[in-house]
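Novice: Sequence:
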Amino acid sequence: DAVADPDRGMDAGGVGEVRIASAVALTKAAAVHVDSDDADGDVSAAAAALGAADHGDDDAQFTVDGAEDHELLWYGVQEIPNLID
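Per the numbering used here, residue 1366 is the first one in the sequence shown, and the count goes up by one each step.
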């Protein structure tokens, strides 16, 4: 089951954040979400800056916020084989 993180409320930046407590069978999925190729650099930089942003670093928070400018692409689960190289 997907479980919302109880330690991060809306004011802590946890909007939309979930943690997966155990494996989820693909048969239970309706779609997958994938970053576009042009988001790779920004998402990687945001992942690297997340810890500093959580500790109040404004520059790191700016980097993390920049990753939100990219829309996730949505695919049906039947399209997964086409996404995997």
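There's no promise every hint is true.
[Said to hold, decoys possible] Cβ-Cβ distance ranges computed for the label pairs, FRET-style: (1) 1395 to 1424: 17 to 27 Å; (2) 1416 to 1444: 28 to 38 Å; (3) 1424 to 1447: 15 to 25 Å; (4) 1443 to 1422: 21 to 31 Å; (5) 1417 to 1446: 16 to 26 Å; (6) 1387 to 1419: 31 to 41 Å; (7) 1385 to 1416: 29 to 39 Å; (8) 1393 to 1417: 27 to 37 Å.
I should point out that these hints are in silico values taken from the structure, not numbers from a laboratory.
Every residue gets a Cβ at the ideal spot worked out from N, C-alpha and C, and that includes glycine.
Novice: If I claimed the Cβ atoms of residue 1387 and residue 1419 lie 31 to 41 Å apart, would that claim hold in this structure?
Specialist: violated, 25 Å
Novice: Cβ-Cβ distance between residue 1395 and residue 1424: within 17 to 27 Å?
Specialist: violated, 38 Å
Novice: So the hint says 16 to 26 Å: do the beta-carbon atoms of residue 1417 and residue 1446 match that?
Specialist: violated, 38 Å
Novice: Given the hint of 29 to 39 Å, is the C-beta distance from residue 1385 to residue 1416 inside that range or not?
Specialist: violated, 20 Å
Novice: Measuring from beta carbon to beta carbon, are residue 1424 and residue 1447 in 15 to 25 Å?
Specialist: Because 38 Å falls outside the window, the suggested range is violated.
Novice: Is 27 to 37 Å a correct range for the gap between the Cβ atoms of residue 1393 and residue 1417?
Specialist: holds, 35 Å
Novice: Kindly confirm whether 21 to 31 Å is satisfied by the beta carbon distance between residue 1443 and residue 1422.
Specialist: violated, 42 Å
Novice: Quick check on a hinted range of 28 to 38 Å for residue 1416 and residue 1444, using CB atoms only.
Specialist: About 33 Å separates the Cβ atoms of residue 1416 and residue 1444, which means 28 to 38 Å holds.
The structure does not agree with the numbered hints 1, 3, 4, 5, 6, 7 stated previously, though it agrees with the rest.
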